[in-house]
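Participant: Work the whole structure out from these sequences, hints included.
Numbering of the sequence shown is given in the working numbering, commencing with residue 1 and proceeding in unit increments.
Bear in mind the hints are in silico, worked out from the structure with no lab data behind them.
No experiment lies behind these values; they were computed from the predicted model shown.
Hints may contain errors.
Derived DSS-like pairs (lysine-lysine); straight-line CA-CA distance at most 25 Å [claimed, not checked]:
{"no.": "1", "residue 1": "LYS84", "residue 2": "LYS42"}
{"no.": "2", "residue 1": "LYS67", "residue 2": "LYS38"}
{"no.": "3", "residue 1": "LYS61", "residue 2": "LYS48"}
{"no.": "4", "residue 1": "LYS42", "residue 2": "LYS62"}
{"no.": "5", "residue 1": "LYS62", "residue 2": "LYS84"}
{"no.": "6", "residue 1": "LYS61", "residue 2": "LYS42"}
{"no.": "7", "residue 1": "LYS48", "residue 2": "LYS84"}
{"no.": "8", "residue 1": "LYS38", "residue 2": "LYS84"}
{"no.": "9", "residue 1": "LYS67", "residue 2": "LYS84"}
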Amino acid sequence: MKDHTEALLIEYNPNLISYEQILLEWSEQHYVLLPPLKPQYKSAIWVKDAQEFDVAHNVIKKVMREKGADEIFVEVDVASVFYKAEEYHQHYLNKKRFGEVFLP
Numbered sequence: 001m002k003d004h005t006e007a008l009l010i011e012y013n014p015n016l017i018s019y020e021q022i023l024l025e026w027s028e029q030h031y032v033l034l035p036p037l038k039p040q041y042k043s044a045i046w047v048k049d050a051q052e053f054d055v056a057h058n059v060i061k062k063v064m065r066e067k068g069a070d071e072i073f074v075e076v077d078v079a080s081v082f083y084k085a086e087e088y089h090q091h092y093l094n095k096k097r098f099g100e101v102f103l104p
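Facilitator: Following this line, the structure appears as structure tokens:
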């Protein structure tokens, strides 16, 4: 498949954790200061509506301030159809014995 980006689909209960909290956690675990080596590895946030768009941009601004960066490499775009990867890519780290990384 060409022109794809590897991604995670996150389903969550907003009564337990906010969209902003998820993005802030993501920003702590994801390096966004260098451009991607390949398009499928780009940093991106896909949003479903204008509210999520605003939250994503506010988090990006916060990350830039905290890291003292003039630029970070994160795209924000409207979510479309999500295609699951092949089965052998599902829970990849768990299958490679890196310990329990994702909830089943």
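Participant: So, for every hint listed, does it hold in this structure?
Facilitator: Against the structure, the hints:
For a cut-off of 25 Å, the pair hint linking LYS84 to LYS42 stands: about 17 Å separates their Cα positions. The hinted pair formed by LYS67 and LYS38 meets the criterion: a straight-line CA distance of about 23 Å does not exceed 25 Å. Restraint check for LYS61 and LYS48: satisfied, since their Cα atoms lie roughly 20 Å apart, inside the 25 Å limit. Using a Cα cut-off of 25 Å, the hinted pair LYS42 and LYS62 holds, with the two alpha carbons roughly 20 Å apart.
In summary, the hint linking LYS62 to LYS84 is not supported, as the alpha carbons are separated by about 31 Å, beyond the 25 Å threshold. Note on LYS61 and LYS42: the hinted pairing holds, with a Cα-Cα distance of about 18 Å set against a maximum of 25 Å. At most 25 Å may separate the alpha-carbon atoms for a hinted pair to count; LYS48 and LYS84 meet this at roughly 18 Å. Taken as a hint, the LYS38 and LYS84 pair is honoured in the structure, with Cα atoms around 20 Å apart against an allowance of 25 Å.
Simply put, LYS67 and LYS84 have alpha-carbon atoms about 33 Å apart, too far for the 25 Å limit, and the pair is violated.
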